[in-house]
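> With the hints as constraints, model all of the structure from the sequences given.
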Amino acid sequence: MVARMGILRLSHVDITVPDLDLAAAYYTGVLGLLESERTDDRIFFKCWDEEDHHSLAVRYDPRVGIDRFSFKVEDEEDLEELETKVEEYGFRVHRVSRGEEVGQGASIRFETPSGHEMELVHDVEKVGGLLGKFNPGAIPVGMQGIAPPRMDHLLINAEEVGVATRFYMDVLGFRLTEQLIGSDGHQIGTWLERSHTPHDIAVVNGPNGALHHFAYWLDDWDHVRQAADILAYNSIQIDVGPTRHGVTRGNTIYFFDPMGTRNEVFTGGYRPDPDFPTITWTEDNIGRAVFYYEGEVNERFIKVHT
Amino acid sequence: MGVLRLSHAEVRVPDLELATAYYTEVVGLIETARENERVFLKCWDEHQHHSLVLNYAPTYGLDVVGWKLEAQEDLDEFTARIEAAGFACKRYAKGELGGGSGETVRFTGPSGHVNDLVWGMEQVGNLLPLHNPPPEPQGLVGIHPARIDHIFLMCEDVDGVTEFYRNVLDFRLTEQIVADDGYQLVTFLERTNSPHDLAFVTGPNQGFHHVAFWVDDWNQLRVAADICAYHGVRIDAGPTRHGATRGWGLYFFDPAGNRNEVYTGGYWADPDREPITWTEAEMGRAVFYYEGVVDQRFLTVHS
Chain A
15 MVARMGILRL SHVDITVPDL DLAAAYYTGV LGLLESERTD DRIFFKCWDE EDHHSLAVRY
75 DPRVGIDRFS FKVEDEEDLE ELETKVEEYG FRVHRVSRGE EVGQGASIRF ETPSGHEMEL
135 VHDVEKVGGL LGKFNPGAIP VGMQGIAPPR MDHLLINAEE VGVATRFYMD VLGFRLTEQL
195 IGSDGHQIGT WLERSHTPHD IAVVNGPNGA LHHFAYWLDD WDHVRQAADI LAYNSIQIDV
255 GPTRHGVTRG NTIYFFDPMG TRNEVFTGGY RPDPDFPTIT WTEDNIGRAV FYYEGEVNER
315 FIKVHT
Chain B
11 MGVLRLSHAE VRVPDLELAT AYYTEVVGLI ETARENERVF LKCWDEHQHH SLVLNYAPTY
71 GLDVVGWKLE AQEDLDEFTA RIEAAGFACK RYAKGELGGG SGETVRFTGP SGHVNDLVWG
131 MEQVGNLLPL HNPPPEPQGL VGIHPARIDH IFLMCEDVDG VTEFYRNVLD FRLTEQIVAD
191 DGYQLVTFLE RTNSPHDLAF VTGPNQGFHH VAFWVDDWNQ LRVAADICAY HGVRIDAGPT
251 RHGATRGWGL YFFDPAGNRN EVYTGGYWAD PDREPITWTE AEMGRAVFYY EGVVDQRFLT
311 VHS
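Chains as they are written, first to last, in our numbering: chain A, 15 to 320; chain B, 11 to 313.
By construction, these hints were calculated from the structure, which means they are not laboratory data. Among the hints, a few may not be true.
[Unchecked claim] Derived DEER-like restraints, expressed as beta-carbon distance ranges: (1) B/V151 <-> A/E139: 45 to 53 Å; (2) B/D180 <-> A/E297: 41 to 49 Å; (3) A/I153 <-> B/R232: 13 to 21 Å; (4) B/V303 <-> A/T292: 46 to 54 Å.
Every residue gets a Cβ at the ideal spot worked out from N, C-alpha and C, and that includes glycine.
Pasting the structure below:
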């Protein structure tokens with residue numbers, strides 16, 4: 015065919031936590047992820063329906079933060095092609111060889127204009143989903159916690175949202191589904207996709223290098239309600255929701271892991287074709303854009319990041 | 011880049027007014043155009059001109075299945091591939107096939123179904139503004155699914171037809187039901203990283219099993235069943251769960267006898283996801299997971 019396929023979807027998010035045991039207890043017991051591997055200072059988690067080695071990695075560090083986020087490319091050849099494009103754009107690319115990183119083969123890493131370390135990878139170790147490939151059941155029975163089937167997207171902060179967004183679009187082939195425009199005409203928030211969903215990554219105004227949240231997919235609004243029950247039962251601090259987004263049209267809850275990283279559970283949305291016309295939100299509608307039912311955004315949601 | 015997704019289906023109906031009333035008021039599609047003996051319909055959230063065309067005919071069944079291409083160059087690429095596989099292609103200019111149609115390559119595949127590969131269908135927009143839109147329009151009638159989802163066809167040689175769609179059109183196999191004699195009874199194929207955009211079940215060539223529309227969740231299937239029952243529309247099966255695809259479905263018939271489905275759920279399928287295999291002994295659970303048996307009507311009735 016005429017062009018390479020490029021980025022397929024979000025692969026994994028690597029964060030830092032000050033307490034590995036607490037992180038493991040929360041991400042398995044409350045969120046309902048599966049621990050797939052543990053090293054001296056890192057734990058790797060996956061969702062039950064994910065076949066790849068991990069979608070979340072936590073590393074011990076006294077400070078809560080994000081090490082990097084990683085996207086999966088469709089072909090091995092995409093790595094070389096995208097490496098060239100990133101270098102032509104003026105960013106140095108660091109190659110990670112097979113055997114250097116847990117659970118995956120060769121990858122490339124580089125710093126983006128928003129000050130985040132980004133990784134692209136194709137060869138991820140397959141550990142399989144929980145259902146198997148032979149007359150499988152529809153769900154695994156006996157899962158703990160929320161038990162989302164897979165990771166969905168992440169939202170990062172950037173001082174210059176417009177500049178960061180151009181990089182993801184022009185260099186990495188992301189498509190802009192929605193944007194929030196400030197009264198001065200600049201982009202305050204952008205939502206970008208590769209997987210024909212409303213977003214795989216979003217960028218909102220804030221300090222460079224910061225993580226706003228990462229999100230897990232749930233089947234439907236009823237599963238979102240159950241998630242709220244599980245969070246409340248476990249005394250997890252809910253940030254916002256259950257509610258609806260104007261942007262992406264999804265239904266959601268935001269909450270914090272015990273160390274302060276914001277998590278989201280998300281469902282709904284729509285299926286944008288590559289020729290989907292971008293939706294624009296104006297700053298005077300920011301409340302409905304972010305929280306459609308409430309019509310306003312609380313300070314914590316805007317200010318807190320890791 | 012290849013086939014993006016299912017674009018549309020053209021179905022035959024012997025009573026255009028009755029069928030139009032059903033598809034707009036019960037299913038809740040939107041009429042976008044009408045030509046001599048043809049009615050064009052779309053779902054509310056679709057931007058393109060149509061996803062369902064009703065063609066007047068003294069019988070029922072499927073006239074055409076349409077696939078949306080990602081790039082204009084795909085038209086030439088696929089023409090070469092399809093002709094190399096031994097099937098003749100005919101090219102149509104934008105608009106030549108009527109109502110909003112794009113540039114099209116038409117061919118009759120090994121299952122006897124007429125396929126249109128389409129690039130550049132007229133865009134009419136969904137029902138929401140592009141500035142500060144609400145999540146959904148108010149006042150829609152009927153089930154009003156958001157979009158078309160997949161199509162289920164019949165053919166005599168499921169193995170051979172499946173190979174054609176995989177090799178020539180780059181569809182990927184997600185699941186299969188394999189008979190005790192080793193042949194494929196049913197195959198599920200995708201281009202959208204979903205469990206299926208296209209499926210084939212053993213039956214007569216050119217047979218049309220159903221076309222499915224996407225709804226948001228299981229609760230919408232309950233509402234859909236209420237709407238079907240209220241209007242006296244005959245429900246074939248469901249609401250229930252599929253073992254294959256893991257989705258939830260409700261099947262019912264349009265007034266001409268073409269089967270419709272509303273569908274939700276499923277999973278994300280990476281391109282390198284290993285296919286799932288169901289055995290003939292487990293076919294009941296594969297098709298209707300809760301019931302565990304497939305009734306004869308579901309297997310044999312088609313249009």
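> Please go over all the hints and tell whether each is borne out by the structure.
Results of checking the hints against the structure:
no. : hint                          : in the structure
1   : B/V151 <-> A/E139: 45 to 53 Å : holds, 50 Å
2   : B/D180 <-> A/E297: 41 to 49 Å : holds, 43 Å
3   : A/I153 <-> B/R232: 13 to 21 Å : holds, 19 Å
4   : B/V303 <-> A/T292: 46 to 54 Å : holds, 48 Å
Going down the numbered hints, you'll see the structure goes against none, and every one checks out.
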